[in-house]
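Given only the sequences and the hints, what does the whole structure look like? Please build it.
Chains as they are written, first to last, in our numbering: chain A, 1 to 227; chain B, 1 to 227.
Just so you know, these hints were derived from the structure itself, not from any lab.
Computed from a predicted model, the values in this text were never measured in an experiment.
Even for Gly, the Cβ is constructed at its ideal location relative to N, Cα and C.
Any given hint could turn out to be false.
[As the list claims (entries may be wrong)] Output of the computed footprint for chain B on chain A, the stretches with three or more beta carbons under 8 angstroms from beta carbons of chain B:
id, region
1, 37 to 50
2, 114 to 121
[Claimed, not checked] DEER-style ranges, computed between Cβ atoms:
id, chain 1, residue 1, chain 2, residue 2, range
3, B, Pro70, A, Glu82, 23 to 29 angstroms
4, B, Asn45, A, Gln66, 52 to 58 angstroms
5, A, Ala215, B, Phe86, 36 to 42 angstroms
6, A, Pro51, B, Arg24, 29 to 35 angstroms
7, A, Arg111, B, Asn135, 43 to 49 angstroms
8, B, Glu179, A, Asp125, 28 to 34 angstroms
9, A, Val202, B, Asn135, 24 to 30 angstroms
10, B, Tyr48, A, Glu12, 50 to 56 angstroms
11, A, Asp76, B, Asn175, 28 to 34 angstroms
12, B, Ser31, A, Arg120, 38 to 44 angstroms
[Unchecked claim] Far from chain A, some chain B residues (derived; all Cβ distances over 12 angstroms):
id, residue
13, Glu116
14, Ala141
15, Gln219
Number of protein chains: 2
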Amino acid sequence: MGTKKAPRRTAERILESSLALFNRFGEPGVSTNAISVELNISPGNLYYHFPAKDDLINALFVQYEQALQPILQASDGVTNVEDAWFFIHSVLEVNWQYRFIYRNLNELLSRNRQLETGVRQTLEDLTQSLLRLLNTMQKNAALNAPPVGWDSVARSMVLLLVFWLSYEYALDPRNALEEDNAQNAAMRNAAHVLGLLAPYAVADQQAHLQRLIDAYASQAKTETAVA
Amino acid sequence: MGTKKAPRRTAERILESSLALFNRFGEPGVSTNAISVELNISPGNLYYHFPAKDDLINALFVQYEQALQPILQASDGVTNVEDAWFFIHSVLEVNWQYRFIYRNLNELLSRNRQLETGVRQTLEDLTQSLLRLLNTMQKNAALNAPPVGWDSVARSMVLLLVFWLSYEYALDPRNALEEDNAQNAAMRNAAHVLGLLAPYAVADQQAHLQRLIDAYASQAKTETAVA
Numbered sequence: 001m002g003t004k005k006a007p008r009r010t011a012e013r014i015l016e017s018s019l020a021l022f023n024r025f026g027e028p029g030v031s032t033n034a035i036s037v038e039l040n041i042s043p044g045n046l047y048y049h050f051p052a053k054d055d056l057i058n059a060l061f062v063q064y065e066q067a068l069q070p071i072l073q074a075s076d077g078v079t080n081v082e083d084a085w086f087f088i089h090s091v092l093e094v095n096w097q098y099r100f101i102y103r104n105l106n107e108l109l110s111r112n113r114q115l116e117t118g119v120r121q122t123l124e125d126l127t128q129s130l131l132r133l134l135n136t137m138q139k140n141a142a143l144n145a146p147p148v149g150w151d152s153v154a155r156s157m158v159l160l161l162v163f164w165l166s167y168e169y170a171l172d173p174r175n176a177l178e179e180d181n182a183q184n185a186a187m188r189n190a191a192h193v194l195g196l197l198a199p200y201a202v203a204d205q206q207a208h209l210q211r212l213i214d215a216y217a218s219q220a221k222t223e224t225a226v227a
Numbered sequence: 001m002g003t004k005k006a007p008r009r010t011a012e013r014i015l016e017s018s019l020a021l022f023n024r025f026g027e028p029g030v031s032t033n034a035i036s037v038e039l040n041i042s043p044g045n046l047y048y049h050f051p052a053k054d055d056l057i058n059a060l061f062v063q064y065e066q067a068l069q070p071i072l073q074a075s076d077g078v079t080n081v082e083d084a085w086f087f088i089h090s091v092l093e094v095n096w097q098y099r100f101i102y103r104n105l106n107e108l109l110s111r112n113r114q115l116e117t118g119v120r121q122t123l124e125d126l127t128q129s130l131l132r133l134l135n136t137m138q139k140n141a142a143l144n145a146p147p148v149g150w151d152s153v154a155r156s157m158v159l160l161l162v163f164w165l166s167y168e169y170a171l172d173p174r175n176a177l178e179e180d181n182a183q184n185a186a187m188r189n190a191a192h193v194l195g196l197l198a199p200y201a202v203a204d205q206q207a208h209l210q211r212l213i214d215a216y217a218s219q220a221k222t223e224t225a226v227a
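Here it is as structure tokens:
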């Protein structure tokens with residue numbers, strides 16, 4: 001039994017280390033050699049599990065999808081601002097865990113055909129999931145109908161969800177993607193994405209949204225004061 | 001006189017070709033050697049004008065800034081939806097002309113310190129320019145005040161303006177950045193960015209905005225039918 005399990009454990013360890021290194025240094029900056037050194041295994045052993053770097057990337061993308069899909073599928077249970085906050089925050093947390101994908105997205109897409117198809121599908125799934133969320137909130141009288149339809153709002157939300165990290169990176173390349181920044185970044189961006197719903201929220205939901213945004217702002221202030 | 005002008009003309013030609021190649025293939029995919037081959041000049045001649053690839057990139061970034069700043073400075077003259085459409089469209093056109101910058105933004109930023117400072121300043125200038133635009137439109141009774149302030153709206157607009165190309169690239173890597181797509185992409189994204197203002201627009205401005213968005217949609221349809 002033990003010998004049967006060993007290869008699977010090695011593959012898992014390789015994926016874990018790769019993810020950490022890709023997130024930390026960006027995928028282009030991490031060679032398969034660096035990964036085997038980090039794990040203290042031979043390059044041949046790594047090659048046995050993942051013959052090419054893109055196999056590693058594709059396996060990590062499958063993990064990302066497996067973490068994201070259950071969240072996306074729950075979007076038609078989101079009836080109010082509180083649920084929406086939790087939903088957005090959950091998506092942002094998964095995006096953060098696999099942030100190397102969006103950090104060098106265009107470059108990865110230009111050379112990896114599996115990712116090209118996979119990312120397009122993810123963006124489409126995210127859009128559809130948000131459309132269900134917006135329609136459910138409207139049906140539950142949490143949101144008023146927008147003047148130009150939900151499609152444009154959903155697409156803007158997708159764009160913010162996917163590129164907020166690139167935006168923060170552009171503003172502060174040395175710190176934006178460091179592990180310490182995770183919780184605060186997810187909160188800040190959840191507040192920002194939900195800000196798109198502010199003009200459509202009915203009065204009590206708008207008040208609730210404002211409390212959530214204020215709560216984030218005061219927490220961020222405390223953290224700055226401590227740091 | 002002629003001999004004095006020659007070097008300047010060469011530098012200009014180098015910049016023009018570099019920009020076209022960077023836009024077409026992405027900056028990481030274009031070597032300085034490829035640029036000298038394209039121009040039919042010696043690598044030494046290229047090196048004489050631009051000793052390093054980053055010198056080329058920095059000179060192009062200066063050109064980008066020179067094209068963008070006059071537009072940004074005119075934002076406090078934007079009093080209605082029609083002007084806002086023109087303003088957004090102008091910003092998007094300049095971003096399109098220098099699209100290589102945003103195509104591999106994170107990678108360029110991680111190795112080029114001048115760009116690190118420059119891009120942060122551009123994003124800040126863009127945000128301030130949009131805040132002036134939003135306040136001017138509100139002062140001119142084209143927009144109602146938003147429930148959570150203009151800051152969040154302006155930031156979302158900046159994010160869309162800067163990353164719409166990356167988003168389109170992720171949806172369609174083979175065609176999104178091709179020259180043919182320029183006019184249609186700028187129109188589609190102007191409609192999308194202005195969509196963020198829809199809930200705040202006063203009645204007649206909202207109707208005008210809807211006409212602009214519809215006009216774009218019908219034009220896009222015709223183009224699809226022709227193609």
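Results of checking the hints against the structure:
{"no.": "1", "hint": "37 to 50", "verdict": "violated (count 0)"}
{"no.": "2", "hint": "114 to 121", "verdict": "holds (count 3)"}
{"no.": "3", "hint": "B:Pro70 - A:Glu82: 23 to 29 angstroms", "verdict": "violated (45 angstroms)"}
{"no.": "4", "hint": "B:Asn45 - A:Gln66: 52 to 58 angstroms", "verdict": "holds (54 angstroms)"}
{"no.": "5", "hint": "A:Ala215 - B:Phe86: 36 to 42 angstroms", "verdict": "holds (39 angstroms)"}
{"no.": "6", "hint": "A:Pro51 - B:Arg24: 29 to 35 angstroms", "verdict": "holds (32 angstroms)"}
{"no.": "7", "hint": "A:Arg111 - B:Asn135: 43 to 49 angstroms", "verdict": "holds (44 angstroms)"}
{"no.": "8", "hint": "B:Glu179 - A:Asp125: 28 to 34 angstroms", "verdict": "holds (31 angstroms)"}
{"no.": "9", "hint": "A:Val202 - B:Asn135: 24 to 30 angstroms", "verdict": "holds (27 angstroms)"}
{"no.": "10", "hint": "B:Tyr48 - A:Glu12: 50 to 56 angstroms", "verdict": "holds (54 angstroms)"}
{"no.": "11", "hint": "A:Asp76 - B:Asn175: 28 to 34 angstroms", "verdict": "holds (33 angstroms)"}
{"no.": "12", "hint": "B:Ser31 - A:Arg120: 38 to 44 angstroms", "verdict": "violated (30 angstroms)"}
{"no.": "13", "hint": "Glu116", "verdict": "violated (6 angstroms)"}
{"no.": "14", "hint": "Ala141", "verdict": "holds (17 angstroms)"}
{"no.": "15", "hint": "Gln219", "verdict": "holds (17 angstroms)"}
Hints 1, 3, 12, 13 from the list above are not met by this structure, while the remaining hints are.
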